[in-house]
Amino acid sequence: MTAYLNALGIICALGRGQAEVSRRLFAGDCSGMRVESGWVPERELPVAGVRGELASIPAQLGQQSSRNNQLLLEAALQIEGQIRRAIQTHGASRVGVVLGTSTSGIDEASRGMAQYLRENRFPGDYDYQQQELSAPANFLADWLQLSGPAYVISTACTSSARALMSAQRLLDLGLCDAVICGGVDSLCKLTLNGFSALEAVSNQRCNPFSVNRNGINIGEAAVLFLMSKEPAAIALLGSGASCDAYHISAPEPTGKGALQSMRKALASAKLLPEAIGYLNLHGTATQHNDAMESLAVASLFPEGVVCSSTKPMSGHTLGAAGALEAAFCWLSLVHNRVPPHVWDGRADPLLPALQWAQAGAGLEKRCLMSNSFAFGGNNVSLIIAEAP
1 MTAYLNALGI ICALGRGQAE VSRRLFAGDC SGMRVESGWV PERELPVAGV RGELASIPAQ
61 LGQQSSRNNQ LLLEAALQIE GQIRRAIQTH GASRVGVVLG TSTSGIDEAS RGMAQYLREN
121 RFPGDYDYQQ QELSAPANFL ADWLQLSGPA YVISTACTSS ARALMSAQRL LDLGLCDAVI
181 CGGVDSLCKL TLNGFSALEA VSNQRCNPFS VNRNGINIGE AAVLFLMSKE PAAIALLGSG
241 ASCDAYHISA PEPTGKGALQ SMRKALASAK LLPEAIGYLN LHGTATQHND AMESLAVASL
301 FPEGVVCSST KPMSGHTLGA AGALEAAFCW LSLVHNRVPP HVWDGRADPL LPALQWAQAG
361 AGLEKRCLMS NSFAFGGNNV SLIIAEAP
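For the sequence shown, the UniProt record's numbering gives the first residue as 1, with consecutive numbering after it.
For the record, the hints were derived by calculation from the structure and aren't laboratory data. Be aware that a few hints might be false.
[As the list claims (entries may be wrong)] With beta-carbon atoms standing in for the labels, derived distance ranges:
#, residue 1, residue 2, range
1, Leu175, Gln355, 39 to 47 Å
2, Glu199, Leu117, 22 to 30 Å
3, Lys270, Ala232, 15 to 23 Å
4, Gln145, Glu119, 36 to 44 Å
5, Leu117, Gly62, 21 to 29 Å
6, Gly52, Ala245, 39 to 47 Å
7, Gly52, Ser147, 30 to 38 Å
8, Ser134, Ala92, 46 to 54 Å
[To be verified] Dumping the calculated SDA-like pairs for lysine to any residue here, alpha-carbon to alpha-carbon at most 25 Å:
#, residue 1, residue 2
9, Lys264, Ala156
10, Lys365, Glu303
11, Lys256, Leu173
12, Lys256, Gln355
13, Lys264, Ser93
14, Lys189, Gly376
15, Lys229, Ser166
16, Lys264, Ala353
17, Lys270, Glu230
18, Lys264, Arg205
19, Lys365, Cys243
20, Lys189, Gly38
21, Lys365, His335
22, Lys229, Ser93
23, Lys365, Pro302
24, Lys189, Arg205
25, Lys270, Leu173
26, Lys189, Glu303
27, Lys365, Gln355
28, Lys229, Cys243
29, Lys189, Asn138
30, Lys229, Leu144
31, Lys365, Gly28
32, Lys256, Leu300
33, Lys264, Met1
34, Lys270, Cys243
35, Lys365, Ala298
36, Lys229, Glu303
37, Lys189, Pro123
Here a beta-carbon is modelled for each residue, glycine too, at the ideal position from N, C-alpha and C.
Go ahead and model the full structure; you've got the sequences and the hints to work with.
Structure (structure tokens):
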């Protein structure tokens with residue numbers, strides 16, 4: 001069954017809403033990436049944060065207050081009209097919520113624990129619900145007063161890509177008539193210090209696929225799609241997942257798992273590789289990820305495919321990355337343009353050459369692919385396309 005993507009709400013370092021994000025995305029604007037101190041001791045790091053005030057959590061849901069849920073609410077408010085109409089049409093029990101996250105409200109929890117260790121008491125606004133992985137889905141379901149399936153998938157950096165796959169499954173099984181799906185993650189010290197300890201964080205703006213690449217930049221985002229059986233211009237046409245289980249944090253070096261997820265996505269969409277007009281790479285700018293992904297892409301697309309990594313603009317938004325980059329594909333179809341590959345132009349001679357998207361380039365084919373890869377060899381590829 002075709003899963004139509006009827007609406008999109010988006011907030012990230014590129015801006016708030018489709019118009020601002022599109023304008024800066026297709027211009028290759030990296031101004032949302034800013035060097036900041038205070039995240040990791042004795043280091044200044046580029047981070048892709050959302051600037052300015054965020055929507056306030058309604059008073060009746062105050063115990064669920066977190067930056068994660070504020071970002072989520074910002075995205076939801078952008079498409080609230082479409083969501084409310086879906087609920088009115090199908091009923092509160094027939095609309096589901098499936099989200100991906102990795103941080104949830106852990107930043108608020110960390111600050112609460114720090115106060116407890118100092119003063120032997122938690123802050124007055126501390127609530128354990130803030131840090132539960134289910135918190136984003138619970139919050140959205142409570143805010144909308146939904147009684148359908150509502151849950152969170154947390155598989156690190158493939159979380160929200162898998163959320164889209166799971167939402168489609170709910171439609172296929174007839175358990176829901178519409179699903180609010182996507183992902184959310186917020187900047188917090190836990191993840192920044194964790195990736196820093198792995199020596200995976202760059203002191204400069206990330207430089208994917210360059211011979212000079214030296215690590216990731218962390219970002220934050222919230223992305224929500226309204227997915228349903230109601231025909232729309234854009235659909236989730238195919239998806240594929242694999243798990244090579246090669247290593248707890250390093251990808252399988254030959255790209256075998258990545259290649260498998262891309263092939264599965266093409267098979268589910270009943271497409272050949274040459275039908276793909278643009279590929280949004282996972283492209284983290286780490287040595288191992290870029291090496292294995294370039295091998296997989298060159299193997300699947302021997303004639304080449306226009307591709308780019310958008311992480312120098314958005315940062316790596318972890319659990320939200322899969323949905324964010326699917327949203328970039330959605331916006332590409334709407335505007336008939338592709339996001340440029342932003343880097344220093346110095347290709348790694350040890351990697352296969354790829355076909356990099358240039359600023360201002362148009363979209364020649366109406367089927368797009370987005371890759372997401374995660375710790376543990378967890379791989380997902382999505383095909384976002386003009387609806388048949």
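How the hints compare with the structure:
1. Leu175 x Gln355: 39 to 47 Å: 40 Å, holds
2. Glu199 x Leu117: 22 to 30 Å: 28 Å, holds
3. Lys270 x Ala232: 15 to 23 Å: 20 Å, holds
4. Gln145 x Glu119: 36 to 44 Å: 37 Å, holds
5. Leu117 x Gly62: 21 to 29 Å: 24 Å, holds
6. Gly52 x Ala245: 39 to 47 Å: Holds, at about 41 Å.
7. Gly52 x Ser147: 30 to 38 Å: 34 Å, holds
8. Ser134 x Ala92: 46 to 54 Å: Given about 18 Å between the Cβ atoms, the range is violated.
9. Lys264 x Ala156: 20 Å, holds
10. Lys365 x Glu303: Judged against 25 Å, a Cα distance of about 15 Å means the pair holds.
11. Lys256 x Leu173: 30 Å, violated
12. Lys256 x Gln355: 21 Å, holds
13. Lys264 x Ser93: At roughly 32 Å apart (the allowed maximum being 25 Å), Ser93 and Lys264 break the hint.
14. Lys189 x Gly376: At roughly 22 Å apart (the allowed maximum being 25 Å), Gly376 and Lys189 satisfy the hint.
15. Lys229 x Ser166: 14 Å, holds
16. Lys264 x Ala353: 24 Å, holds
17. Lys270 x Glu230: 21 Å, holds
18. Lys264 x Arg205: 33 Å, violated
19. Lys365 x Cys243: Cα-Cα ~29 Å, so violated.
20. Lys189 x Gly38: Holds: Lys189 and Gly38 sit about 9 Å apart, inside 25 Å.
21. Lys365 x His335: 13 Å, holds
22. Lys229 x Ser93: Satisfied, since the Cα-Cα distance of roughly 16 Å is no more than 25 Å.
23. Lys365 x Pro302: 17 Å, holds
24. Lys189 x Arg205: 19 Å, holds
25. Lys270 x Leu173: 20 Å, holds
26. Lys189 x Glu303: Distance of about 43 Å is beyond 25 Å: violated.
27. Lys365 x Gln355: Distance ~15 Å between Lys365 and Gln355 Cα, so the pair holds.
28. Lys229 x Cys243: 29 Å, violated
29. Lys189 x Asn138: Distance ~24 Å between Lys189 and Asn138 Cα, so the pair holds.
30. Lys229 x Leu144: Measuring from Cα to Cα gives roughly 20 Å; hence the hint holds.
31. Lys365 x Gly28: 21 Å, holds
32. Lys256 x Leu300: Measuring from Cα to Cα gives roughly 11 Å; hence the hint holds.
33. Lys264 x Met1: Roughly 16 Å separates the two Cα atoms, so the pair holds.
34. Lys270 x Cys243: Answer holds: Lys270 to Cys243 is near 22 Å, not above 25 Å.
35. Lys365 x Ala298: Within the cut-off at roughly 19 Å; holds.
36. Lys229 x Glu303: 35 Å, violated
37. Lys189 x Pro123: OK: Lys189 and Pro123 at ~18 Å, within 25 Å.
Checked against the numbered hints above, the structure violates hints 8, 11, 13, 18, 19, 26, 28, 36; every other hint is satisfied.
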